[in-house]
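Participant: Each chain, written out:
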Amino acid sequence: MGLAAIFLQDDNFIIAMYIVAFSLFITGLTRLTSPTTAVRGNKIAAVGMLVAVVATLLNPDLDGSDYLLIAIGIAIGTAVGIPSARNVKMTAVPQMVALFNGVGGGAVALIAWAEFRQVDGDLSEDLAVGIPLMFGAIIGSVSFWGSNVAFGKLQGLITGRPVRIPGGFFVNIALLLIAIGAAIAILAGSESEGLFVLILVAAAVLGNLAVLPIGGADMPVVISTLNAFTGLSAAAAGIALHNTALIVAGMIVGASGTILTDQMAKAMNRSIGAVLMGGFGGEAPAASGGEGSEIEGTVRSTSSADVAIQLAYARQVVVVPGYGMAVAQAQHTVRELAKALEKRNIEVKYAIHPVAGRMPGHMNVLLAEADVPYDQLKEMDDINPEFGRTDVSLVIGANDVTNPDARMKADSPIYGMPILNVDESASIIVLKRSMASGFAGIENPLFYNEKTQMLFGDAKASVADITSELGQL
Amino acid sequence: MNLLPLVAAAAETSSGSRLLTEIAILLLAAFVGFQVISKVPNTLHTPLMSGTNAIHGIVLLGGLIAIAYADDFFSRVIIVIAIIFGTINVIGGFLVTDRMLGMFKRKPDPTPEEAPAKAPAADGA
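Chains A and B supply the protein sequences, listed in that same order.
Taking our numbering, I'd label the letters of the first sequence as residues 2 to 474.
Taking our numbering, I'd label the letters of the second sequence as residues 609 to 733.
The set of hints was computed from the structure by calculation and includes no laboratory data.
Ideal placement from N, C-alpha and C gives every residue a C-beta, glycine not left out.
Check each hint, because a few of them may be wrong.
[Stated by the list, open to error] Simulated crosslink set (PhoX-like; lysine-lysine; CA at most 20 Å straight-line):
no.	chain 1	residue 1	chain 2	residue 2
1	A	Lys340	A	Lys267
2	A	Lys340	A	Lys350
3	A	Lys340	B	Lys647
4	A	Lys379	B	Lys647
[What the hints assert, rightly or not] To be clear about the criterion: a stretch of chain B counts as covered by chain A if any three or more of its residues have a C-beta under 8 Å from a C-beta of chain A, and this derived list gives those stretches:
no.	stretch
5	625-639
6	681-695
Produce the entire structure from the sequences given, and follow the hints as far as they go.
Facilitator: So this is what it looks like as structure tokens:
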């Protein structure tokens, strides 16, 4: 028994388990990139995490009171984590991811603080530990607070509109310089804990101010960026703690998260830099403040009975879902309507803009939940040529992704963003709660198009009404 | 707390070369990360972000290591909070990813009320 314990607690055995964990992480991640293998991939990565945690718990330096505290910490974390992941609505998943990301960054900042206290602030001797520790503290704190703001925006606790801070850019640079300056002072020999707390606070304010000016439409890119940041801070903590598992897993996330952010930003025709500089929302208040004064034409509203008639005589109907559908939880009702239309031999397709909703893939998740056949979900490049042959486009709670200004109006904030060419279809019906502008905070001339009719109200109720009207025809 | 394989082989290795080893590991991990995510369908962007998010919950290990030699009360409190945070990151991250991916499953177990309406053709794609 004693021999077994010695063997299990041997450094090399722990490292061997780490190597197993790395293989599982990499295999899991690879599988996560394909729809058919993704479910298993996630489970494989989770097993990798379990192996890494168990290996670390074998550390012979841990004593009884350590294990007790660890047990308490893991118990509380589990008690919070399981219900929040289980009970969150599918529509609220993006902000939940932001929250989970934030606590990861917060953990890195706290560990850096504990390490700082452990050496009584004396980090000048070993810069190979000190520098990554400072990096982890700054990035971890930025990620924690930035993620919380992203959560607040998506959850509606904070306005989704860009919040401009006068001179914000220079304030942020100043905050970053304060954090870096304090870090350099500590590395140069100051052992003041006050300075370390200053780093955490400056980075915290920076995290808040950096995300506040960014509009809600750009939040996916922000969360993905902060996700990569947390990975990098974890890798830095790994160097400071001389732990390979942290280095490898943290860096893999840092790197893959960066690529993922880039892919997301490309799908929105945005550069990561422009998003982080908060450029999107910059001129938006002026554009939305015009009350559509630059847009000619009037808005025409319609009734669900009229919509039902139009749909009944269509040959092809394209459903364009957006965040409004998610908010109203209308995906099942939409599926019912589609079934009713299919019974009448009307072809139904779904046009999925890469960033419809709050996150890329958001719409796919919701529609898959409602059992919409996978082959009816069309990505933007596949569906755009179809609009010309479409009789009715049913826009359900989508706004910015259909805005023709992105094609035509060079001074629009979203100019250049690839959109769904809904305005090419013979007739357009827009389901919307009100004339409020979309997340980008800009007017949509599509609503003033002479082919467009607006059906105001809750998307779920409206779609249900249309379906029942259709049944009476 | 020497957990580096290469360093373990040479006990007398200086901290400078240990740093180099760690940077080498860092670099290789970066390449793995870049390679894994080459082309991902848009559909999977959110689940993948959520999955990588769960993996950086590895910071939990940092708490497990640091608590072994933290002795003052305040440090231990900080580390327990870090462990709580790390656990939330790991467990919440993997669970919510699993829930998201569950939506993509196209295996023949439709919800009871949907069962009769579900055509086999739907599984074709």
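Participant: Take the hints in turn and mark each one as holding or not.
Facilitator: Going through the hints against the structure:
1. A:Lys340 - A:Lys267: 34 Å, violated
2. A:Lys340 - A:Lys350: 11 Å, holds
3. A:Lys340 - B:Lys647: Cα-Cα ~33 Å, so violated.
4. A:Lys379 - B:Lys647: Judged against 20 Å, a Cα distance of about 18 Å means the pair holds.
5. 625-639: Contact hint for the stretch 625-639 of chain B vs chain A: holds, 9 residues under 8 Å.
6. 681-695: Holds: 13 residues of the stretch 681-695 of chain B have a Cβ under 8 Å from chain A.
Taken one by one, the earlier hints fail for this structure at numbers 1 and 3, listed in ascending order.
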